[in-house]
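Protein chains in written order, with our numbering: chain S, 1 to 717; chain E, 1 to 192.
It should be emphasised that the hints constitute simulated quantities derived from the structure, not laboratory data. Treat the numbers as computed from the prediction; the structure is a model and nothing was measured. Where a beta carbon is used, it is the ideal one built from N, C-alpha and C, also for glycine. A portion of the hints provided could be inaccurate.
Computed list of lysine-lysine pairs in BS3-like fashion (alpha-carbon distance at most 27 Å, straight line) [claimed, not checked]:
#: 1; chain 1: E; residue 1: LYS122; chain 2: S; residue 2: LYS459
#: 2; chain 1: E; residue 1: LYS39; chain 2: S; residue 2: LYS591
#: 3; chain 1: E; residue 1: LYS177; chain 2: S; residue 2: LYS581
#: 4; chain 1: E; residue 1: LYS122; chain 2: S; residue 2: LYS539
#: 5; chain 1: S; residue 1: LYS591; chain 2: E; residue 2: LYS192
#: 6; chain 1: E; residue 1: LYS118; chain 2: S; residue 2: LYS459
#: 7; chain 1: S; residue 1: LYS581; chain 2: E; residue 2: LYS173
#: 8; chain 1: S; residue 1: LYS591; chain 2: E; residue 2: LYS173
#: 9; chain 1: S; residue 1: LYS292; chain 2: S; residue 2: LYS315
#: 10; chain 1: S; residue 1: LYS591; chain 2: E; residue 2: LYS54
#: 11; chain 1: E; residue 1: LYS122; chain 2: S; residue 2: LYS581
#: 12; chain 1: S; residue 1: LYS591; chain 2: E; residue 2: LYS122
#: 13; chain 1: S; residue 1: LYS167; chain 2: S; residue 2: LYS30
#: 14; chain 1: E; residue 1: LYS173; chain 2: S; residue 2: LYS571
So the derived label-pair ranges between C-beta atoms look like this [as the list claims (entries may be wrong)]:
#: 15; chain 1: E; residue 1: ALA161; chain 2: S; residue 2: LYS216; range: 46 to 52 Å
#: 16; chain 1: E; residue 1: ALA57; chain 2: S; residue 2: ARG578; range: 21 to 27 Å
#: 17; chain 1: S; residue 1: TYR684; chain 2: E; residue 2: SER125; range: 35 to 41 Å
#: 18; chain 1: E; residue 1: LYS39; chain 2: S; residue 2: ARG578; range: 17 to 23 Å
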Amino acid sequence: MFQISQFFTIFFSLVTLAVQAQVADTILIKQLDNVVITATRSEGKLGNIAIPTQLITSQMIKATGSLRLQDILQEQTGLTIMNSPLGISLAGFPNIFGAGIQMQGLDPAYTLIMIDGEPLVGRNAGILKLGRVAVGNIKQIEIVKGPSSSLYGADAMAGVVNIITEKPVKETVSAQLQYASNNTLGISGNYTNRVNKTAIQLFLNRYSTSGYDLDKTIYGKTVDPYTDNSYAIKLTQYISGDAQFVASARFFGERQSNNYLVSDQGAQQVVVGTTRERDYSVNLQYIQQLEKAIKVTSRLYYNRYSNNSDVFVQKTNLPYDTLRFLQQVIKPEIQVEKAAGNSKFISGLGFMSESVDASRYDSKHNFTTIYLFSQEEWSIAKRFNLIAGVRVDKRNDFNWRASPKLALSGKLNDKIFMSASIGLGYRTPDVRQSYASFTNASVGYSLLGAAILRTALEKLKQEGQIDQSVNTFIYNDNTALKPETSIGINFGVRYTPFTNLIINANIFRNDMKNLIDRFTLPFNKTNGQLIYSYHNVNKVYTEGISTEATWNINKRFMVSGGYQFLIAKDKDVINGIRQNKYYKRDPVTFKTDLVTLKEYGGLLYRSRDAANVKLMYTLETSHLSGWLRVNYTGKYGYTETNGSGVLDADSEYEPGFFLCNLTMSKRFPKNLELQAGIDNILNYKQPFLMPNLAGRIFFLNLNIDFDKILHVKKQKA
Amino acid sequence: MKKKCLLLFGSAAISILISCSKSVTGTQLPATENTTSIKVNFSPSTSYAFFSFKNNAVVANTDSVSSKWDFALRLTTFLVNSNASGPGTAGAILQDGIFDNVTAAPTSGYAYDTAVNKFAIKDGSWYTYNNTTHAFVPKAGKVFIFRTADNRYAKMEILEATYDPFTGPSPDKINYKIRFVYQGNGSTSLIK
Numbered sequence: 001m002f003q004i005s006q007f008f009t010i011f012f013s014l015v016t017l018a019v020q021a022q023v024a025d026t027i028l029i030k031q032l033d034n035v036v037i038t039a040t041r042s043e044g045k046l047g048n049i050a051i052p053t054q055l056i057t058s059q060m061i062k063a064t065g066s067l068r069l070q071d072i073l074q075e076q077t078g079l080t081i082m083n084s085p086l087g088i089s090l091a092g093f094p095n096i097f098g099a100g101i102q103m104q105g106l107d108p109a110y111t112l113i114m115i116d117g118e119p120l121v122g123r124n125a126g127i128l129k130l131g132r133v134a135v136g137n138i139k140q141i142e143i144v145k146g147p148s149s150s151l152y153g154a155d156a157m158a159g160v161v162n163i164i165t166e167k168p169v170k171e172t173v174s175a176q177l178q179y180a181s182n183n184t185l186g187i188s189g190n191y192t193n194r195v196n197k198t199a200i201q202l203f204l205n206r207y208s209t210s211g212y213d214l215d216k217t218i219y220g221k222t223v224d225p226y227t228d229n230s231y232a233i234k235l236t237q238y239i240s241g242d243a244q245f246v247a248s249a250r251f252f253g254e255r256q257s258n259n260y261l262v263s264d265q266g267a268q269q270v271v272v273g274t275t276r277e278r279d280y281s282v283n284l285q286y287i288q289q290l291e292k293a294i295k296v297t298s299r300l301y302y303n304r305y306s307n308n309s310d311v312f313v314q315k316t317n318l319p320y321d322t323l324r325f326l327q328q329v330i331k332p333e334i335q336v337e338k339a340a341g342n343s344k345f346i347s348g349l350g351f352m353s354e355s356v357d358a359s360r361y362d363s364k365h366n367f368t369t370i371y372l373f374s375q376e377e378w379s380i381a382k383r384f385n386l387i388a389g390v391r392v393d394k395r396n397d398f399n400w401r402a403s404p405k406l407a408l409s410g411k412l413n414d415k416i417f418m419s420a421s422i423g424l425g426y427r428t429p430d431v432r433q434s435y436a437s438f439t440n441a442s443v444g445y446s447l448l449g450a451a452i453l454r455t456a457l458e459k460l461k462q463e464g465q466i467d468q469s470v471n472t473f474i475y476n477d478n479t480a481l482k483p484e485t486s487i488g489i490n491f492g493v494r495y496t497p498f499t500n501l502i503i504n505a506n507i508f509r510n511d512m513k514n515l516i517d518r519f520t521l522p523f524n525k526t527n528g529q530l531i532y533s534y535h536n537v538n539k540v541y542t543e544g545i546s547t548e549a550t551w552n553i554n555k556r557f558m559v560s561g562g563y564q565f566l567i568a569k570d571k572d573v574i575n576g577i578r579q580n581k582y583y584k585r586d587p588v589t590f591k592t593d594l595v596t597l598k599e600y601g602g603l604l605y606r607s608r609d610a611a612n613v614k615l616m617y618t619l620e621t622s623h624l625s626g627w628l629r630v631n632y633t634g635k636y637g638y639t640e641t642n643g644s645g646v647l648d649a650d651s652e653y654e655p656g657f658f659l660c661n662l663t664m665s666k667r668f669p670k671n672l673e674l675q676a677g678i679d680n681i682l683n684y685k686q687p688f689l690m691p692n693l694a695g696r697i698f699f700l701n702l703n704i705d706f707d708k709i710l711h712v713k714k715q716k717a
Numbered sequence: 001m002k003k004k005c006l007l008l009f010g011s012a013a014i015s016i017l018i019s020c021s022k023s024v025t026g027t028q029l030p031a032t033e034n035t036t037s038i039k040v041n042f043s044p045s046t047s048y049a050f051f052s053f054k055n056n057a058v059v060a061n062t063d064s065v066s067s068k069w070d071f072a073l074r075l076t077t078f079l080v081n082s083n084a085s086g087p088g089t090a091g092a093i094l095q096d097g098i099f100d101n102v103t104a105a106p107t108s109g110y111a112y113d114t115a116v117n118k119f120a121i122k123d124g125s126w127y128t129y130n131n132t133t134h135a136f137v138p139k140a141g142k143v144f145i146f147r148t149a150d151n152r153y154a155k156m157e158i159l160e161a162t163y164d165p166f167t168g169p170s171p172d173k174i175n176y177k178i179r180f181v182y183q184g185n186g187s188t189s190l191i192k
């Protein structure tokens with residue numbers, strides 16, 4: 001912990017210094033002028049948004065030199081990359097779950113991930129694999145924190161990450177080559193052009209790696225070798241009368257070679273196979289600017305995600321395991337935007353048809369959702385801004401749900417901007433929670449979705465897998481699970497004492513109820529094994545403060561720092577502790593005692609403290625720049641040792657860790673840039689809990705801008 | 001407040017005096033406390049370990065159809081020697097609290113294994129299993145009160161579950177460290 005306090009002493013003394021500095025640099029203020037779209041579904045300046053929004057620009061992405069979205073998000077204040085608890089400790093097994101983003105202390109399942117405003121589908125146990133998004137053609141990433149169901153419906157309970165792709169304005173041709181540790185090779189090509197009223201963008205990326213092995217004592221690599229291919233095309237046709245048509249399509253494919261050890265009835269054998277992931281999407285938009293400042297956007301979106309794995313026993317070549325997962329969504333939507341005087345009104349109507357079919361679910365499922373949203377934004381006396389919005393969703397198997405949101409912001413003076421917002425969020429139970437139908441082949445336990453529980457139990461009874469005397473009629477099918485709901489409050493202050501210093505602070509609180517948890521049925525199978533299903537139980541809250549300061553010291557130095565303090569606790573556990581229901585056992589004396597509120601550490605996998613410091617050095621004259629980022633993730637609970645069943649003992653925490661990344665860039669005249677970097681300089685490894693961290697990585701990037709060469713040639717010709 | 005404390009202290013002293021005077025007459029022996037380890041199969045299908053409080057020992061498998069054992073354990077499944085599980089009269093109550101504070105066994109309210117797979121002690125009710133870290137920990141504050149196979153009384157708590165060293169993906173044996181207080185004279189008193 002001492003490092004953290006030192007770190008802040010240094011940081012705040014730097015901030016104090018800044019107050020005395022008097023460099024007129026406007027880069028930061030320009031950043032506040034950047035246009036963002038996610039928080040209100042309409043274009044607005046970042047500096048005026050009443051809802052907490054973080055912006056990652058393409059310059060920032062390029063400056064890190066990273067090709068992985070996970071690495072970029074990891075460096076943002078308040079975002080923690082967490083492995084699925086299901087994905088840890090897999091002992092060489094392929095981790096099909098990947099890592100996701102924890103936002104404001106909420107699990108990855110509660111953050112919606114979108115590309116150009118449209119959600120990606122295909123979550124495995126709530127986690128959407130971030131590796132599906134290639135970063136080479138991103139214009140900016142917008143991160144909206146707090147419940148955003150008032151605009152985006154289900155799944156946007158913690159917030160939204162919207163990845164916005166580039167909009168071509170002129171002819172550019174660029175390529176990037178990356179070589180990194182673990183035989184990692186990345187090749188990207190990007191072409192954009194605009195001829196008269198037609199703009200085109202093409203992007204392709206190939207990324208291959210040998211994977212890595214963090215634990216040599218376990219057979220098989222921690223991450224098996226894989227190859228990714230991404231292609232994207234975007235066409236924009238400007239039509240007379242302020243209308244435009246945008247058509248885009250993207251494809252992502254991953255092929256991973258699996259090789260691991262399994263144990264079948266005590267006998268160990270090596271299995272080999274392939275996991276193939278495919279992700280297609282098509283996005284069509286027609287944007288029409290009607291008179292009197294009315295803008296109509298019609299959209300049609302389609303996304304298809306599949307994950308298929310075929311594994312064979314190496315010796316016999318007999319099939320060992322086959323997994324199939326396919327999710328598709330089609331979503332037409334129309335949105336109307338009307339600006340009049342001091343107010344802006346948006347409203348939209350949409351329909352979503354989804355289908356999911358997977359080998360671990362009972363059968364194919366189709367869902368249809370119809371939704372309507374409206375939002376009014378008023379600006380009052382040019383200093384205050386009020387947003388009121390609501391969205392209503394009706395999914396075929398659930399009741400109508402309304403998600404309202406209210407936000408207010410105001411400029412107290414030139415230097416202080418304040419904002420407050422409150423909103424409701426919700427998440428419908430996922431397909432696994434409702435329809436899982438899975439029996440573990442080697443151990444024999446069963447996992448049954450809540451919506452098919454009675455049917456599945458009766459089937460097991462008929463098959464003699466559960467005793468005839470068990471009463472299955474007390475369990476229900478059909479909408480047995482209720483959606484999880486939340487109410488979120490955010491209160492933010494931004495202070496810009498100088499044009500080159502911005503200090504942000506955001507206090508948040510999320511109260512969630514009906515959280516879905518797994519439970520054990522009160523009777524065993526005839527093989528002695530347990531049966532699991534899901535129910536709505538938990539009431540939890542998360543609260544904290546996220547602060548960030550960015551200071552452009554002078555033309556050469558820019559420094560920024562961020563810190564998040566987070567508390568995430570289960571309200572039922574707190575009540576239980578108050579009612580003396582939780583006991584703990586001393587590991588040495590075996591003496592039993594009551595757990596106290598002070599000892600209770602809250603939910604697992606949450607760090608109370610997380611911080612980062614970034615230092616960028618640019619030497620304009622020699623086209624050199626260096627960027628050092630230090631990220632600290634504080635200790636977090638992950639297990640149970642003392643019999644209390646809750647996080648309350650020192651031995652139940654994993655110590656905090658530092659991730660330090662450095663990128664150096666050198667630009668050569670006109671068209672070449674060389675980047676060299678080290679990720680995870682301190683070589684932090686945690687094979688068990690953080691298998692997604694590869695250890696120290698060296699990389700070398702060559703970025704080429706062909707367009708400048710082309711332009712020179714054209715001029716000569 | 002002081003008066004109340006004194007009163008409580010007084011009544012406690014009296015009860016201690018009473019139990020002392022009884023033991024002096026020889027009709028009631030104080031219960032005995034033991035801490036012991038039971039080695040149990042890590043498998044839902046192999047044989048149980050049959051435990052006798054009186055002998056503080058696991059009895060032979062050949063005695064499984066007798067009243068020589070009180071409870072049996074395999075992986076995390078408890079059998080209680082009566083009804084569907086054996087010829088004895090054993091029963092069990094699983095209650096929350098601090099082991100040392102349980103001074104007497106109730107005379108009624110015991111649960112039995114009413115059918116195969118319908119157990120007196122529900123699987124999953126007395127331990128936590130973290131299926132990501134595989135941490136398997138007996139819950140603290142779970143007091144098992146037994147009426148034994150021959151109508152005596154005992155209280156028990158599970159202190160620890162450890163595995164024998166193993167190779168391969170799963171262990172072969174679990175060692176449950178238990179503490180119990182056994183009252184062998186037929187009274188319900190569980191005071192040491």
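Hint check:
1. E:LYS122 with S:LYS459: holds, 23 Å
2. E:LYS39 with S:LYS591: Answer holds: LYS39 of chain E to LYS591 of chain S is near 22 Å, not above 27 Å.
3. E:LYS177 with S:LYS581: Given that 27 Å is the threshold and the Cα spacing comes to 23 Å, the pair holds.
4. E:LYS122 with S:LYS539: holds, 26 Å
5. S:LYS591 with E:LYS192: holds, 16 Å
6. E:LYS118 with S:LYS459: Given that 27 Å is the threshold and the Cα spacing comes to 19 Å, the pair holds.
7. S:LYS581 with E:LYS173: violated, 31 Å
8. S:LYS591 with E:LYS173: holds, 25 Å
9. S:LYS292 with S:LYS315: violated, 72 Å
10. S:LYS591 with E:LYS54: holds, 24 Å
11. E:LYS122 with S:LYS581: holds, 19 Å
12. S:LYS591 with E:LYS122: Holds. LYS591 of chain S to LYS122 of chain E sits at ~24 Å (cutoff 27 Å).
13. S:LYS167 with S:LYS30: Status holds; Cα separation ~19 Å.
14. E:LYS173 with S:LYS571: Measuring from Cα to Cα gives roughly 37 Å; hence the hint is violated.
15. E:ALA161 with S:LYS216: 46 to 52 Å: Distance hint for ALA161 of chain E, LYS216 of chain S is violated at roughly 29 Å.
16. E:ALA57 with S:ARG578: 21 to 27 Å: Cβ of ALA57 of chain E to Cβ of ARG578 of chain S: about 42 Å, so the range 21 to 27 Å is violated.
17. S:TYR684 with E:SER125: 35 to 41 Å: holds, 40 Å
18. E:LYS39 with S:ARG578: 17 to 23 Å: At roughly 39 Å between Cβ atoms, ARG578 of chain S and LYS39 of chain E fall outside 17 to 23 Å, so the hint is violated.
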